[in-house]
Structures are given as C-alpha cells and as structure tokens.
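Chains as they are written, first to last, in full-length UniProt numbering: chain A, 1 to 313; chain B, 1 to 586.
Hints may be right or wrong, so weigh each one.
[Claimed, not checked] Keeping only pairs whose Cα atoms sit at most 30 Å apart, straight-line, the calculated DSBU-like set for lysine-lysine is:
1. B/Lys-231 - A/Lys-51
2. B/Lys-536 - B/Lys-322
3. B/Lys-380 - B/Lys-536
4. A/Lys-228 - B/Lys-425
5. B/Lys-425 - A/Lys-309
6. B/Lys-425 - B/Lys-437
7. B/Lys-437 - A/Lys-309
8. B/Lys-425 - B/Lys-380
9. B/Lys-437 - B/Lys-380
10. B/Lys-536 - B/Lys-327
11. B/Lys-437 - A/Lys-228
12. A/Lys-309 - A/Lys-228
Treat the hints as calculated values from the structure; they're not laboratory data.
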Amino acid sequence: MLVFLFRRIAAGAVLVVVVATATFLLLNLTGTDVARNVLGETASRSAVTAKSHELGLDQPLVERYWHWVEQAAQGNLGSSWFTGDSVNQSLMDTLPVTLSVVLTGLLIAAVLSVALGAAAALRGGWVDRAVQFAAVLGTAVPSFLIALVLVVTLAVQLGWLPATGYVALGTSATDWFRSIILPAVSLAVAATAATAMQVRGAMIDVLRADFVRTLRSRGLSTRSVVFKHALRNAAPPALTVIALQFIGLISGAVVVEKVFGLPGIGTLANSAAVRGDAPVLLGTVVVTVGIVVAVNLLLDIAYGWLNPKVRVS
Amino acid sequence: MTAVEFPPAPKRDGLVRRALRDPLAVGCLVVLALLIVASLAAPLLTGYEPDHSVMADTLAPMSGSHPLGGDGVGRDVLSRLLYGGRTSLVGGTLAVLVAFAVGGPLGLISGFYRGWFDAVAGWIVNVIMAVPAIIVMLVVMAAVSQDLNVAMVVLGVIMAPMVFRLIRASVIAVREELYVDAARVSGLGDGRIMRRHVLPVVIAPSLIQATQVFAVAIGIQAGLAFLGLGKASQASWGAMLGDAFTNIYNAPALLVWPGAAMGLTILASSLLGNVVRDALGTAEPRVVRRRKRVERRAAAPVAEAPADRLLTVAGLRVGYPKPGGDKTVVDGVSLTVARGEVLGLVGESGSGKSQTAFSVLGLLPNEAEVTADRMVFDGKDLLGLDLAALNALRGRGIGYIPQEPMSNLDPCFRIGSQLVEPMRKHLGLSRAEARAKALELLARVGIPDPERVFRSYPHQISGGMAQRVLIAGAVSCDPRLLIADEPTTALDVTVQAEVLDLMRSLQQEREMGMILVTHDFGVVADICDRVAVMQKGRIVETAPARQIFAAPEHGYTRMLLDSTLEGGPARGDLRVPDKPLKEVTS
Chain A
1 MLVFLFRRIA AGAVLVVVVA TATFLLLNLT GTDVARNVLG ETASRSAVTA KSHELGLDQP
61 LVERYWHWVE QAAQGNLGSS WFTGDSVNQS LMDTLPVTLS VVLTGLLIAA VLSVALGAAA
121 ALRGGWVDRA VQFAAVLGTA VPSFLIALVL VVTLAVQLGW LPATGYVALG TSATDWFRSI
181 ILPAVSLAVA ATAATAMQVR GAMIDVLRAD FVRTLRSRGL STRSVVFKHA LRNAAPPALT
241 VIALQFIGLI SGAVVVEKVF GLPGIGTLAN SAAVRGDAPV LLGTVVVTVG IVVAVNLLLD
301 IAYGWLNPKV RVS
Chain B
1 MTAVEFPPAP KRDGLVRRAL RDPLAVGCLV VLALLIVASL AAPLLTGYEP DHSVMADTLA
61 PMSGSHPLGG DGVGRDVLSR LLYGGRTSLV GGTLAVLVAF AVGGPLGLIS GFYRGWFDAV
121 AGWIVNVIMA VPAIIVMLVV MAAVSQDLNV AMVVLGVIMA PMVFRLIRAS VIAVREELYV
181 DAARVSGLGD GRIMRRHVLP VVIAPSLIQA TQVFAVAIGI QAGLAFLGLG KASQASWGAM
241 LGDAFTNIYN APALLVWPGA AMGLTILASS LLGNVVRDAL GTAEPRVVRR RKRVERRAAA
301 PVAEAPADRL LTVAGLRVGY PKPGGDKTVV DGVSLTVARG EVLGLVGESG SGKSQTAFSV
361 LGLLPNEAEV TADRMVFDGK DLLGLDLAAL NALRGRGIGY IPQEPMSNLD PCFRIGSQLV
421 EPMRKHLGLS RAEARAKALE LLARVGIPDP ERVFRSYPHQ ISGGMAQRVL IAGAVSCDPR
481 LLIADEPTTA LDVTVQAEVL DLMRSLQQER EMGMILVTHD FGVVADICDR VAVMQKGRIV
541 ETAPARQIFA APEHGYTRML LDSTLEGGPA RGDLRVPDKP LKEVTS
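Could you put the whole structure together from the sequences, leaning on the hints where they help?
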C-alpha cells in the first residue's frame with residue numbers, strides 16, 4: 001500500500017511538471033511583444049524595452065524557464081505581468097471560492113448518483129428507464145446552460161437566492177451556502193448523471209453476484225443486503241468515475257463562475273487568458289492540475305480502503 | 001476452447017431503418033438537419049450580417065425587419081442565430097474529425113501491436129485526461145489564436161483520448177478472438193486483418209462516440225464564447241448567450257433563442273447516439289422489476305402430511321420469459337423430505353435440479369416465473385409468503401450451502417462479521433454472544449485457527465476453508481433443513497471427502513433434513529438416504545439410495561450410473577465411518 005501510494009505521488013508530481021512545462025513553452029513561444037501589450041500602444045520604445053527587462057523577457061527562454069522552475073519549487077509562482085500582483089496571493093484569494101463550489105458539487109453528485117443509480121438498479125422498470133434517460137440528458141447539457149436557467153428562474157425571477165457574488169464561509173455560513181448552492185448544483189448535474197450510470201451498472205453486477213444470493217439465503221433484510229453489502233461492493237468502480245468527473249467539475253466551474261459572478265480561479269484564469277498574462281495563467285494551470293492530482297490521490301486511498309484486497313496485503 | 005462465432009457487423013441500411021422507426025430518432029435527425037440547413041442557407045434566410053450593429057436596434061423588439069428582435073448592441077438576433085449555428089456545426093465537426101484522426105489510428109496501433117507503443121500512448125493519454133479541458137483551451141486561446149475554430153481543433157486533440165481508449169479496447173477485444181489468430185496463421189497481412197476484421201467491429205461504437213464528442217464540443221465552444229473568447233466577427237451561440245447575460249434584467253428573453261438552439265442540438269446529438277446504441281442492441285442491460293412471490297397455481301388444499309414430514313413440494317414449475325415464448329426449466333416437480341432425511345437431487349447440468357432447490361428458498365433470479373400447487377415447510381405454507389416472512393425463515397428454518405466457496409463470501413467484509421450478522425438477527429444474540437458462537441462453529445467445522453479466520457477477509461483463506469465457513473454459516477441459526485447445491489464440486493478431491501464427512505456428521509448431530517443437489521453418484525452413495533433423479537425439468541425416478549444403485553428403474557438413471565461408476569467403485573465404499581476430521585490447509 002505504501003509503495004503504491006509513493007508511486008502515485010511520484011506519478012502525480014511528474015504530471016504537474018510535464019503540464020507546467022508544456023504550458024510555459026506554449027505561453028512563451030508565441031512571439032507577441034508582451035511589454036508592448038502591458039504598456040499599451042502609446043508607450044515609448046524605451047519604456048517598452050525597460051518593461052521587457054523588468055519582466056525578464058530579454059533573457060533567453062531556457063533561462064526564464066529555469067528561473068520559473070526554481071521559484072516554483074520554492075513555492076513562489078511569480079507575479080502578474082500586468083498588475084504586478086503576486087500570483088500566490090491571487091490564487092489564495094480565488095481558490096476557496098472555486099473549491100467551495102466544486103467540492104459541494106462533488107458531494108451533491110456523490111449522494112445523488114448513489115441514490116439514483118441504486119434506485120435504477122433495484123427498482124428496474126420505469127424508474128430505471130427514467131434514470132437512464134435523465135442521465136443521457138444530464139451528461140450532455142453543458143453546466144453553464146443549466147446555470148443560466150437557474151439564475152434566470154430562481155435568482156432573477158423568483159429572487160430566492162442571490163444571482164451573483166460570493167460570501168466567505170468565515171463571514172456567514174448561511175450566506176456562504178446561499179452563494180454557492182446554485183453554482184454547485186449546476187456543476188453537479190453532469191457529474192451526477194455520469195456517476196449514477198456507473199453506480200447502476202456496478203449495482204446490477206453486484207446484485208447478480210453469488211454472495212448476494214448467499215446473504216439472502218441467510219435471511220438478511222433487503223436493507224442490509226443492498227445498502228450494507230451490495231453498495232459497499234459497488235463503491236470502488238463508482239469512485240473511479242467520480243475521480244474523472246472531478247476534472248470535468250473544475251472545467252465547468254471556469255464558465256459557471258462567470259454566470260454567478262464568483263471571484264474564483266476560473267475568473268482569474270479567464271481574465272489572464274484574455275490579457276495574455278502568462279505568469280497568472282501558468283499559476284492557475286499548475287494549481288488546478290495539482291488539485292486534480294491531490295483529489296485523485298485521496299480517491300485512490302479511499303479506493304484502497306474500500307477494497308480489502310488492496311488494504312490487507 | 002471452442003471456436004468463437006463472431007456476430008457479423010450490422011448492416012448499415014438495417015440500422016438506419018431500425019432507427020427511423022423510433023420517433024425519438026426521427027426528432028433528433030430533424031433537429032440536426034435543421035442545423036445543417038440553417039447553417040448553409042443563412043445568407044438566404046436573413047439579409048443582415050451577423051456582426052452588423054445598428055445603435056437604434058439595440059434590444060429591438062420582434063418585428064418584420066427583425067423577426068427575433070435586436071441584441072444588446074443592435075445586431076439582428078435571427079442572423080446571429082443562423083450564423084452561430086454555422087459556427088457550432090463547423091466547430092463540432094472539426095472536433096470530431098480531429099479527435100478521430102488523432103485517437104483512431106493511435107488506438108488501432110496501440111491495441112493491435114501493444115508493446116512499448118501502447119505504454120507510451122497510454123501514458124500521454126493519462127496526462128491529457130488529467131488536465132481540465134477548459135483550462136487548456138484558455139491557455140491555447142491566450143497563446144495561439146482567438147479563433148474558435150483553432151480552439152476546436154485543439155479540443156479535438158484533447159478529446160482524442162476518449163476515442164483512443166474506445167478504439168484500443170475494441171481492437172484488443174477483437175485481437176483476442178481466435179479467428180484473428182486464424183487469419184494471421186493463414187497468411188493475412190496486418191493491413192488486411194485490420195480492414196476485414198477490426199474496422200467492422202469498431203465502426204458502430206465509433207458512431208456513438210462521435211455523437212458524444214460533437215455534443216461536448218458544441219458545449220465547450222459555447223462556454224468559451226460565453227466567457228468572451230473568440231473573434232468578435234465570429235457569431236456564435238455562446239457569444240449570444242454572453243450578450244444576453246449582460247442584459248439579463250432588461251431582456252431575459254434574449255437567452256431563450258441561443259439557449260434553446262444549443263440545448264436542442266446537444267440533446268439531439270447525444271440522444272441520437274443512444275438510439276444507435278439501442279438499435280445495435282448494445283444498450284445497458286434492462287433491469288427486471290422485483291420478483292413477485294411464488295404463485296399458487298391451483299387452489300389446492302394443504303393436505304394433512306405425516307408428522308415427520310419436513311418439506312413438501314408439489315407441481316413446481318419454473319420458467320423464464322424468452323422472446324420466442326417462455327422457457328420452462330422445471331416442469332411439475334414434486335418431492336418430499338422427512339426430518340433428518342438426506343434427499344439427493346441428481347441429474348446432468350441443465351436438468352433443473354439447482355432451480356428446484358433455489359425455488360424452495362425463493363432465491364431464483366427476478367425474471368423467473370415460479371408456480372407450484374403446494375410448497376409446505378414444517379407445517380408452514382411457503383406459497384404467497386411476503387419477503388419479511390420469507391427472510392424470517394431463510395437461514396433460521398432453511399440453511400443454504402452454495403457450490404463455489406470463493407464467490408459466495410462477500411469480499412468486502414470480514415468472515416466474522418458475515419457469520420455474526422445472521423445470528424444476531426435470527427437468534428437475537430448480543431455481539432459478544434454471536435462472536436463466541438461463531439468461533440465455536442468455526443472450530444466445529446474443522447478450522448484450525450478460528451480466531452484468525454474470524455478476523456480474515458475471504459481472499460485470505462483457501463477454497464476448502466471458505467466452504468467450511470459457508471457450512472458454518474448455513475447451520476449457524478440451527479435450521480431444520482439444509483439445501484446444499486453441489487457443495488463439493490468446486491473443491492480439490494482431497495478436500496471433497498472431508499467436507500462431505502463434515503456435512504454428514506453435522507446433519508446427523510443436529511437431525512437436519514437435507515436436499516443435496518449433485519451430479520456425482522459418489523457423493524450420493526456417501527450420504528444420501530433417498531435419491532430423486534431429474535432430467536429436463538422433471539423427476540424421472542425417486543427411490544431409496546440403495547435401491548437406485550442396486551436396481552435403477554429408469555433408463556436415464558442407468559445411463560447416469562454407467563457414466564459415473566464405470567471403471568471403479570463408488571467413493572462410498574472407500575469411506576471409513578466416523579473417521580476423525582483432518583485439518584485442511586489446502
């Protein structure tokens with residue numbers, strides 16, 4: 001188990017480095033005059049040269065890359081070309097917003113998908129068909145379209161929940177929840193749909209297993225057979241899908257944050273992308289991939305914990 | 001292994017015709033056809049350029065000159081909707097083409113040749129799949145180009161892993177079919193094998209995948225445009241949504257057109273994929289509704305049975321609904337078991353003996369249709385019992401010993417907890433009492449280290465041990481009847497005799513009745529008092545065991561006996577009665 005974990009951590013680190021390098025090269029090989037962009041069309045040539053030197057853009061690419069890696073390894077992701085703000089600080093400000101939304105969405109998806117998937121596998125008939133049909137729709141419709149519908153109906157028309165803005169958890173737990181519930185739900189739809197289908201399939205397989213018949217032959221209640229034994233056996237494959245869905249949730253969050261006016265990491269990445277602010281964009285990429293790796297690692301551990309064959313060896 | 005008959009690739013026209021019978025499919029095709037027509041005929045349908053802005057038309061209402069009104073900066077909504085459809089269609093198609101152009105060949109090569117190429121490709125695919133797509137698109141649009149079409153080409157690359165995985169998996173599946181090896185041996189080149197055997201299998205799932213990639217691409221493209229990325233001159237549904245969103249309080253209706261167009265297109269595309277899947281018969285398995293209880297066929301009165309009668313089954317029928325009419329697997333079986341009697345239920349595989357045994361416990365699959373004239377256990381009518389009453393009887397009144405020990409223990413729970421749970425339920429024992437009794441039982445069934453096995457998971461013990469654990473579980477709540485389904489078939493020969501001895505001694509010590517399902521006359525000779533021989537769902541002969549061996553009446557019984565006993569005496573002759581149990585460590 002320890003060796004397994006160590007290998008996963010190493011693989012995750014390699015992944016972050018590879019993605020960071022690719023992003024760095026992509027952002028720095030385009031040949032646009034960054035200093036000119038930062039200062040605007042009217043800036044003098046000498047000012048542009050000075051700015052270029054200040055940003056270190058007159059250095060050779062390899063040296064700039066190495067400098068970035070050195071700093072990043074020490075936990076410093078540099079500062080914005082345009083505002084001079086520390087990238088670390090910007091990420092610290094925006095990350096809680098995105099994580100609130102994404103993790104709440106993940107939680108909703110986990111709970112709902114188990115309920116729907118298990119119901120479809122157990123009840124069969126029209127429940128099963130309804131869940132399957134809803135899952136096809138849910139996987140297909142982009143989260144920001146759902147977000148738009150929710151904003152227009154629940155927030156703008158009915159005024160039940162705030163349409164925009166974020167309240168920190170530390171400020172007010174209720175307001176925090178009210179500010180993130182709609183974006184979290186919009187994100188959860190697709191993840192719920194995909195995971196519910198996986199839970200359904202896994203449950204159908206498990207319910208056909210020999211040991212389920214034997215458990216039934218011992219007179220255990222349906223509740224125990226289904227919710228204690230079958231669900232526990234169906235959990236590992238469902239976890240694998242949830243891990244994949246997490247990446248989709250982060251992707252969706254980038255657009256959904258704009259709909260709800262949330263100052264999250266997606267908003268940060270988006271404005272950096274529009275301006276061409278490489279250090280900020282690079283920072284967001286590294287941190288997002290880092291989070292994906294971390295969450296996958298946690299799910300791997302959960303997977304191992306759920307599976308005695310991995311845990312006890 | 002026998003040669004595998006591979007289903008021929010479905011005929012294209014057959015598929016289309018089947019799909020066209022489904023109104024849902026027709027609806028999807030109509031939506032997609034509309035999209036294509038609107039994109040091609042946009043210049044004919046509207047006189048406005050999509051990016052031509054007139055200040056006076058800002059948020060203009062619907063009118064003759066602007067059928068759908070004007071948007072937030074005075075552009076014609078209809079024109080933008082039509083040209084936006086063009087952007088979506090082109091973008092989605094680009095993504096699909098690139099995804100298949102990149103993922104398809106790589107998947108083919110990876111799946112066909114495996115080796116280092118497969119390893120490298122698999123690693124790259126994992127890297128790509130670990131990065132959120134939209135973040136990559138932001139980077140690319142910031143670094144390379146603001147053109148949405150360029151973004152869609154990149155998206156195609158990002159989605160290529162999905163295609164790669166699908167194609168690779170299909171190719172590996174085909175590759176492992178014997179006939180590909182046969183084709184190779186007969187001298188077909190790799191290229192021809194791929195064209196002839198691999199491509200036909202890959203086409204159908206690829207079609208489904210393509211509809212999914214198309215739908216996702218349109219959604220992501222709209223998301224990017226909604227964020228404000230993309231060239232201003234490129235009309236798109238996403239940009240329209242973005243414009244409508246800024247006017248959400250003034251003109252929320254502006255959201256409707258691009259939202260509906262996009263939603264419909266995406267739904268049509270992915271539902272079409274589903275229809276194709278259904279038409280191909282590769283859909284998810286249907287779940288049959290929860291089974292009804294066993295039906296009483298005729299209102300037969302429960303006749304008075306002898307006092308030592310434990311189980312009476314009369315006129316049992318089990319059938320499974322099949323497309324061409326029901327398939328009957330048990331056809332009017334009647335049998336009885338007295339207290340303390342061991343009844344052997346013998347027959348070839350497929351004779352219906354296991355199905356008979358399961359129906360007594362109510363453990364047949366949901367889709368089975370079970371009827372009987374009478375089914376009485378220890379004075380209690382089993383017909384029409386609800387699940388709660390049945391559960392009170394299972395384990396407590398009737399114990400069950402399965403055939404395959406390793407697959408009949410829940411792999412996720414410790415053996416101890418699997419033994420303790422039924423005892424706590426049926427006997428109302430406390431945790432400690434149940435634990436003590438479980439340890440006692442484990443020792444009784446001949447497990448050398450009960451404490452260790454109690455703490456173990458099923459994968460940590462041997463098959464012989466697991467079967468002893470299952471026997472302990474079956475007798476744990478002191479049932480009056482045991483149903484054993486080929487309890488020794490899956491075990492090593494050395495273990496078989498010991499497990500059989502154990503069952504015999506437990507049965508005698510507790511005076512349990514037993515139905516022993518088996519195809520092995522050696523087992524019958526060992527332990528059965530009476531034998532019922534089954535053939536094709538019917539009982540052809542019932543007689544005391546001794547008589548069956550001495551003077552079999554039915555031809556089928558004689559045939560079975562000849563085929564099992566030829567070349568040696570029955571194992572029963574070799575058995576030393578009351579031999580002490582050996583500990584099994586296999």
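How the hints compare with the structure:
Proximity of B/Lys-231 to A/Lys-51 is assessed by CA-CA distance (about 28 Å); at most 30 Å being required, the pair is judged to hold. Pair hint B/Lys-536 plus B/Lys-322 holds up; C-alpha atoms about 17 Å apart against a cutoff of 30 Å. A C-alpha spacing of about 29 Å is found between B/Lys-380 and B/Lys-536, which places the hinted pair at or below 30 Å, so the restraint holds. The hinted pair formed by A/Lys-228 and B/Lys-425 meets the criterion: a straight-line CA distance of about 15 Å does not exceed 30 Å.
Of the supplied pair hints, the one linking B/Lys-425 and A/Lys-309 holds, its CA atoms being roughly 28 Å apart against a limit of 30 Å. Of the pairs offered as hints, the one joining B/Lys-425 and B/Lys-437 holds, with about 14 Å between alpha carbons and a cut-off of 30 Å not exceeded. Among the hinted pairs, B/Lys-437 with A/Lys-309 is consistent with the structure: their alpha-carbon atoms are about 27 Å apart, no more than 30 Å. Distance hint between B/Lys-425 and B/Lys-380 is fulfilled; the C-alpha atoms sit about 21 Å from each other, no more than 30 Å.
At roughly 28 Å between alpha-carbon atoms, B/Lys-437 and B/Lys-380 fall within 30 Å of each other, so this suggested pair holds. Straight-line distance between C-alpha atoms of B/Lys-536 and B/Lys-327 comes to about 11 Å, which keeps the hinted pair within the 30 Å bound. Taking the CA atoms of B/Lys-437 and A/Lys-228, the gap is about 23 Å. The hint holds against a cut of 30 Å. Annotation: proposed proximity of A/Lys-309 to A/Lys-228 holds, straight-line Cα distance about 18 Å (limit 30 Å).
In this structure, none of the earlier numbered hints is contradicted; all agree with it.
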